[in-house]
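There are 4 protein chains.
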Amino acid sequence: MAPSKQDVKISIAVAGLGRMGKRHVRTLLNRVSAAQVIAVCSTEPTELEWARNEYKDWGIKVYDSYDQMIQHSGLEAVWVSTSTDVHASQTIVAIEKGLNVLCEKPLSTDMEEAKRVVEIANKNPHLKVMAGFSRRFDASYRNAKAQIANDAIGEPFIVRSQTCDLIDDTGFFVRYAAKNGGMFVDCCIHDIDLSLFYFGDVIPKAVWAVGTIAHHPELKELNDVDNGVGIVEYWGGKIAYFYCSRTQAHGHDVCTEVVGTEGKVMVNLVPRLDNVTVAQSIGISHKVQPEYWDRFEDAFATEANEFVACILNNTPVPLKLELGLMSLKIGWALQEALLTGERIRFNEKGEQLDGKRANL
Amino acid sequence: MAPSKQDVKISIAVAGLGRMGKRHVRTLLNRVSAAQVIAVCSTEPTELEWARNEYKDWGIKVYDSYDQMIQHSGLEAVWVSTSTDVHASQTIVAIEKGLNVLCEKPLSTDMEEAKRVVEIANKNPHLKVMAGFSRRFDASYRNAKAQIANDAIGEPFIVRSQTCDLIDDTGFFVRYAAKNGGMFVDCCIHDIDLSLFYFGDVIPKAVWAVGTIAHHPELKELNDVDNGVGIVEYWGGKIAYFYCSRTQAHGHDVCTEVVGTEGKVMVNLVPRLDNVTVAQSIGISHKVQPEYWDRFEDAFATEANEFVACILNNTPVPLKLELGLMSLKIGWALQEALLTGERIRFNEKGEQLDGKRANL
Amino acid sequence: MAPSKQDVKISIAVAGLGRMGKRHVRTLLNRVSAAQVIAVCSTEPTELEWARNEYKDWGIKVYDSYDQMIQHSGLEAVWVSTSTDVHASQTIVAIEKGLNVLCEKPLSTDMEEAKRVVEIANKNPHLKVMAGFSRRFDASYRNAKAQIANDAIGEPFIVRSQTCDLIDDTGFFVRYAAKNGGMFVDCCIHDIDLSLFYFGDVIPKAVWAVGTIAHHPELKELNDVDNGVGIVEYWGGKIAYFYCSRTQAHGHDVCTEVVGTEGKVMVNLVPRLDNVTVAQSIGISHKVQPEYWDRFEDAFATEANEFVACILNNTPVPLKLELGLMSLKIGWALQEALLTGERIRFNEKGEQLDGKRANL
Amino acid sequence: MAPSKQDVKISIAVAGLGRMGKRHVRTLLNRVSAAQVIAVCSTEPTELEWARNEYKDWGIKVYDSYDQMIQHSGLEAVWVSTSTDVHASQTIVAIEKGLNVLCEKPLSTDMEEAKRVVEIANKNPHLKVMAGFSRRFDASYRNAKAQIANDAIGEPFIVRSQTCDLIDDTGFFVRYAAKNGGMFVDCCIHDIDLSLFYFGDVIPKAVWAVGTIAHHPELKELNDVDNGVGIVEYWGGKIAYFYCSRTQAHGHDVCTEVVGTEGKVMVNLVPRLDNVTVAQSIGISHKVQPEYWDRFEDAFATEANEFVACILNNTPVPLKLELGLMSLKIGWALQEALLTGERIRFNEKGEQLDGKRANL
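Residue numbers (the UniProt record's numbering), protein chains in the order written: chain A, 1 to 360; chain B, 1 to 360; chain C, 1 to 360; chain D, 1 to 360.
Pulled out of the complex, with its shape left as it was, chain A reads as follows (with noise of 0.2 Å):
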């Protein structure tokens, strides 16, 4: 007899135990019914005490190294949450190991390397390799997408969208993210990606950025800024333009909207943490959420149970690997933008015109 489809698990292991690395092990453990967490890996000694401490009972080998833990016997997938500079490498190891790989965006911060990955999983059509792009799982972008596709504004022409953090006092994540490749190759990323998602398949003309810092003067030596804002010109008549900050006062704001010829879709323009409301002597008043995970938790949810449910099904993943591929050429070039003060243009085929990736 078959076991039951409650008995029926696929063996995960995590890739890294930072913030977002810990919250995708509750993810699996919690509401994956369909995964099990078997292994995660960190080099750093602090999250691996903690992890040694936290899932001793739970049945999940803590490893400190990345190349050992895929080894690890059983093993089917591996959810890839570690710094930028490995996403590639460890995607790459795995693919050859013949495992599945979720890997957070960006792929990588190299172009050739990020096309490197995208050709070794191609090369690999039975392992699901997928980007983890987590705003395309939120339900309200796949609502706005559907009423697009139903035709609720006519041909959208504008994207503006923005991801503004929460300020993040210590300003380690900040120094952090401009190591990944900087305001918007980071953190822009999402919201170029958004732009493609809801024109479809569009080539960049021309991009154009600014930025300032308003808390973080050590970001000066690192060539980037907390607070950025950006345009991006497509062939065909479109246009997104972003603005990015992680020194927002009062919490996590990320917010979308879609002019179209008949309408415009908008996207948690005003963020509010719950249904609560507040009328006091001061004024009427909503907490927000402090941060990406609390406004994208059940996003990161339904992420990981497609992965899984794809995995057990063998179905397409459903965000391919290349997407992420045009959103980090976009990314760069805003960046390059940023830094140099000057436009950068691409031609029809999307080669960039200008700067020093200019006929690369």
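Honestly, the hints are just simulated from the structure, not real lab data.
Since this is a predicted model, take the numbers as computed values, not measurements.
Just to be clear, a hint being listed does not mean it is correct.
It does not matter which identical chain is used: a pair holds within one copy or between any two.
Claimed, not checked - In silico BS3-like cross-links for lysine-lysine, where the CA-CA straight-line distance does not exceed 27 Å:
#  : residue 1 : residue 2
1  : LYS320    : LYS22
2  : LYS220    : LYS349
3  : LYS97     : LYS145
4  : LYS123    : LYS145
5  : LYS145    : LYS61
6  : LYS179    : LYS22
7  : LYS97     : LYS9
8  : LYS5      : LYS61
9  : LYS320    : LYS9
10 : LYS61     : LYS9
11 : LYS356    : LYS287
12 : LYS349    : LYS179
13 : LYS356    : LYS56
14 : LYS220    : LYS356
Got chain A sorted already, so can you dock chains B, C and D onto it with the hints?
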């Protein structure tokens, strides 16, 4: 060696496979990692047929008898999600069989029977027996409670609460509800419970209610209405007032306001399906959750997880069974006021002074 | 040659220089181009002193006697904004003097007297005598009415309406109101009027009300409350329910919902001062209008302009004086229910069956 | 004896009887008690005919020549509401004639001419000459400014502002605007002005803009677009970014956000016509103001009243004429960036370094 916590599961059976019963099974399967569903039961042939097909690969035994189901080997807990007339008897049988029980509200359509359930549960303190007032598990209602506890609005003295359902054109649900005690017992009971949640221990002083039939003339002979408004005055200068409806055009519209001496807390004053808003030539609009489940799915998952956790850890249940008794008494009084047109008074001990339940 | 329409002005006197009287003068001076204010009166020495100074350059004669003021040469209309106890007598005297009258609500604290005013006005159809139900001049309430007339919500059958004022710490206003008939006559009268506005010609069937004193213990001996909740059941299956408060912490919070068979119209569910919203570390907030005037200033200007225009053009007044009678009857019944704890019934002609006004 | 202040009136003429001119006449007649309109002018035969009929009983002389109109005996002030190409010359002639002038924005389509107007006005300090940036008179923008001044959001460093008009299917307005300098001079000028309003004295460092034609192909040969997005980087780490559109489906959607180091102020993020919201089977919706006038009618009345008051009381005008110069410079640079695809830089004195206006 102890088994991995990933493998420790409370074995639960779900009684009743109506709309809600099926959902509880799904919640337990997908969102309660420490539970496994081992049995279900129904007396409806179509539900049984559906269940035998749906659950056949899931290791879930389908019974056509509640009494047989609770004999299932290894069973530890029952979720009673049947019609109200058998809530009490099924809960009692399960307790006597040594099972933990989560019983949907209301405990009974009969006050004496409801008291008996509480009595028996109290004699079995080793068992977890819990009332299913799902709103108390909703994050927003809890946040509102926390803010009130933190003195955000001073001393609360007015509660306005409404439970308005999307119109059910078939009329099925409405007739069903009429048999479950009518508008103020079946539907308003949640709002009554919320007034107790926010006011604390209060004793009713007088109630009055009126109603109207907007869509379902067949309710007349069932002594019920499809829209009702009621007031409960509590001893000590506190007032709750309620609006319940089965006939909303726009969706499930459940909101609560608590007015205090220094402010007001509002929960879900304008319902919305998700974070999407659309601007079109007709104006700016958003969708509304179609029903209770869409609004409270997370609350049901929290309820299920907390119930399972208190069995696993042998901790007190979050909601005492007694809670339901006072709500039930007030619900019956409102229903009587609705039918007789008279206001119903209570003395300071909460004993009813008017109407057919007076001096009972 | 006829004079320029810029120079044609109706000459008006304002009776009463309390908070509202002063505002009406300002409205007439600044926002009613076809009016000039030629006289005002008060019996309060401090108001008289204030007015003599304030209006000395404005061509406005200040009287300490209403009777003398209405003798003022060339006077065409009076705006009666005195305390309720003299509304009726002053209106009658003005009519008898051949003046047009805008009389603030309520017409009287005595039903018989109110009827007499209506009678006398009806005998002088050449004069414009209008009831001051200011909300009927508010653009939003009118738009709501228009949408209902356009069948946006089907047949309306429930009205929820609240009038909640910012707390007045001095207690002055509250004591004043108690003398004007109490919570349901002075304050709820607007909400009652709105239920008639949206339902059309309806007859009360039964009412009940309760109240509490949250801030002003001195109201006890004045037989009033500072927070009250009431229900009016109308013949024909229509229900209105009200909440009135003098003690809100956050400002003037006046909202109305009309539920129909196909939808719901909401007016001002979440009050806001203006279009400004602020996001700060404590959350996202906006200010609330502090009082009635801030919410309804435009409505008062519309009211004044329409009243003046109907004098100029000899057209019917927008609000018949009779309108106030039914509201008054219901207001008194609610107030009696509040004080006695009894529900008050009416027969199908609207004759009161219970309480001290029964069979009057 | 001095005349009553009710009879003291500034005599004003309105130049231009297009959509806005007519509205200004109405505002002056109905909402500015200290003004009388004694003359108007237009060169459009249909407007003249309309005016001669409309104003015949109002003591308003209708001229077909601006130069003749300003000879009108007793005239004290002119409201210049003609097309942009004559704003400057008409303002200059009026000043030379000794008249006070309220001139609609922008002062000119030519920078040098605009400067000349300012110069001449400065030589006539006894006359009130004011720029018509109507948003600065809007209660919400002023409240936002006041809150920022009160340190509600710390130091402002980002302004996002949009001016989105309801689509004009006739295309008339769009072609008209193209002749008035194009998208960023005619329409975005208000948003640019708001960035100066909230940032204070700032100097542009670089700008870029892109645009698209969504509905009006005829704009191509007029070198304009019907949707444009632009960024202005100011010296000192401040950034403004703008979206202007002529093609919104839902109405007039004008909003502004100011981000500071400690918070964010939002003005009108979700536009609404009034306080009415409707719930129907399709969802919950509200209407949007169809156009600028509906959103800013009160601001225009405030502007008119303040202009008249500063003539009456000989006080400084609330908005200095110079204000328009910097906005105009930035608007032209954005328009040039739009047309050339190049970013335009400025030095720290605000002198343009790139493009055809460089070193002018």
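LYS349 and LYS179: within-copy, between-copy, both or neither at 27 Å Cα: neither (29 Å within a copy, 35 Å between copies)
Alpha-carbon proximity between LYS179 and LYS22, which holds within one copy, between copies, both or neither at 27 Å: within (21 Å within a copy, 49 Å between copies)
Intra/inter-copy verdict for LYS220 and LYS349 if alpha-carbon distance must be at most 27 Å: between (34 Å within a copy, 24 Å between copies)
Within, between, both or neither, where LYS220 and LYS356 count as close if Cα-Cα is 27 Å or less: within (20 Å within a copy, 33 Å between copies)
Intra- versus inter-subunit Cα pairing at 27 Å for LYS5 with LYS61: Both. Shortest intra-copy (24 Å) and inter-copy (13 Å) distances satisfy the 27 Å Cα cut-off.
Homo-oligomer pair classification [LYS145, LYS97; C-alpha up to 27 Å]: Intra 36 Å, inter 52 Å, cutoff 27 Å: neither.
27 Å Cα threshold - placement of LYS22 relative to LYS320: Answer is within: at 25 Å inside a copy they meet the 27 Å cutoff, but 34 Å across does not.
Alpha-carbon proximity context of LYS97 and LYS9, limit 27 Å: Classified as within; 20 Å inside a copy, 33 Å across copies.
Homo-oligomer pair classification [LYS61, LYS145; C-alpha up to 27 Å]: neither (40 Å within a copy, 40 Å between copies)
Homo-oligomer pair classification [LYS145, LYS123; C-alpha up to 27 Å]: neither (31 Å within a copy, 55 Å between copies)
Intra/inter-copy verdict for LYS356 and LYS287 if alpha-carbon distance must be at most 27 Å: neither (44 Å within a copy, 47 Å between copies)
Intra- versus inter-copy proximity for LYS9 and LYS61 (alpha-carbon distance at most 27 Å): Close inside one copy (17 Å) and across copies (21 Å); limit 27 Å.
Checked against the numbered hints above, the structure violates hints 3, 4, 5, 11, 12, 13; every other hint is satisfied.
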